[in-house]
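Undergrad: Modelling step: build the complete structure from the supplied sequences, incorporating the hints.
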Amino acid sequence: MKIDLHTHTFISDGALSPQALIDRAVERGVDMLSVTDHDTTDAYKELGANEQRIKLITGVEFSTQWRGMGIHIVGLNFDLNSPAIKEGVARQEQARAKRAELIAERLQKKKLAVDFQRVKEIAGGKHIGRPHFAQHLVELGSAKNMQDAFKKYIGDGKAGDVKQCWAEFDEVVSWVVGGGGCAVIAHPDKYKMTRTKLVALIDDFKAVGGVGVEVVSGRQLTNSVKGMARLCYEKGLLASCGSDFHQASSWSEVGSMAAFPKQCQPIWESW
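Sequential numbering from 1 applies to the sequence shown in our numbering.
FYI, nobody ran anything at the bench for these hints, they're computed from the structure. Keep in mind the model is a prediction, meaning the values are calculated, not measured. Treat the hints with care, since some could be wrong.
Unchecked claim - Calculated lysine-lysine pairs in the DSS-like style (CA-CA distance at most 25 angstroms, straight line):
no. : residue 1 : residue 2
1   : LYS86     : LYS126
2   : LYS226    : LYS262
3   : LYS144    : LYS120
4   : LYS151    : LYS192
5   : LYS206    : LYS86
6   : LYS163    : LYS126
Stated by the list, open to error - Listed next, with one range per pair, are the computed distances between beta-carbon atoms:
no. : residue 1 : residue 2 : range
7   : LYS144    : ARG53     : 39 to 49 angstroms
8   : GLU46     : ARG195    : 34 to 44 angstroms
9   : LEU102    : LYS197    : 20 to 30 angstroms
10  : LYS262    : ASP148    : 32 to 42 angstroms
11  : GLY209    : VAL26     : 25 to 35 angstroms
12  : LYS144    : SER249    : 13 to 23 angstroms
13  : THR196    : GLU105    : 31 to 41 angstroms
14  : ARG53     : SER256    : 16 to 26 angstroms
15  : THR194    : ASP31     : 34 to 44 angstroms
16  : ASP204    : SER252    : 24 to 34 angstroms
17  : LYS190    : ARG230    : 11 to 21 angstroms
18  : SER17     : TYR233    : 31 to 41 angstroms
19  : TYR233    : LYS197    : 13 to 23 angstroms
Cβ atoms here follow ideal geometry from the backbone N, Cα and C, with glycine treated the same way.
TA: See the structure below:
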């Protein structure tokens, strides 16, 4: 089976509509897919419950805080109508709105001519995220391109990197578990942690009800996959995989990622 449990649509920061993403996944031979937009499950409102071409697993990617660091938790296979999930999504929507205002204020304090109303227009009624600010900074001529905007102004550790609005790590896991789902640490390799810190993260995660680690993520290098797989196995956690697809490019495609490690127990095994 070809499985992709981490993808995004234009409901958050992807390029495709929910239906277009499903169509592309089917064309690419994906058998099981989860749409995991950032802090929202709205994509599922646009997807038919009777989709027969692919097995669709409910999903969301929640932003959280852990020891002052921004960590993403993917929730999978939960009840969309559960009070816990609805509460979590509502809380995160409020947090995103507040965070967007703070990002604008911080960038303005850096003497950048950021127009928050223009950022809202770029977002087009969707949840405002850092990519929308990046587009605006390129428009203003303050950055050469999106990558430059992140590097200078809104990437990790920069003025526009606001984490304090997000719910705490354990609370986010409780939303997913309360909705009958599985909580997974998303793309752990991206956090650039020492092994000691990553082990501490996984231990804390497991202690509050987390059950999985995304051992394969997008174009992750083989050695990294092996390391994550070994750690996942040692800690007795389930393994997930996902392309973290946002838009098609030479380095990103739905369903495209490294091979799933044989020693890991798949999180989807009982679904």
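Undergrad: Failing hints, ascending?
TA: none
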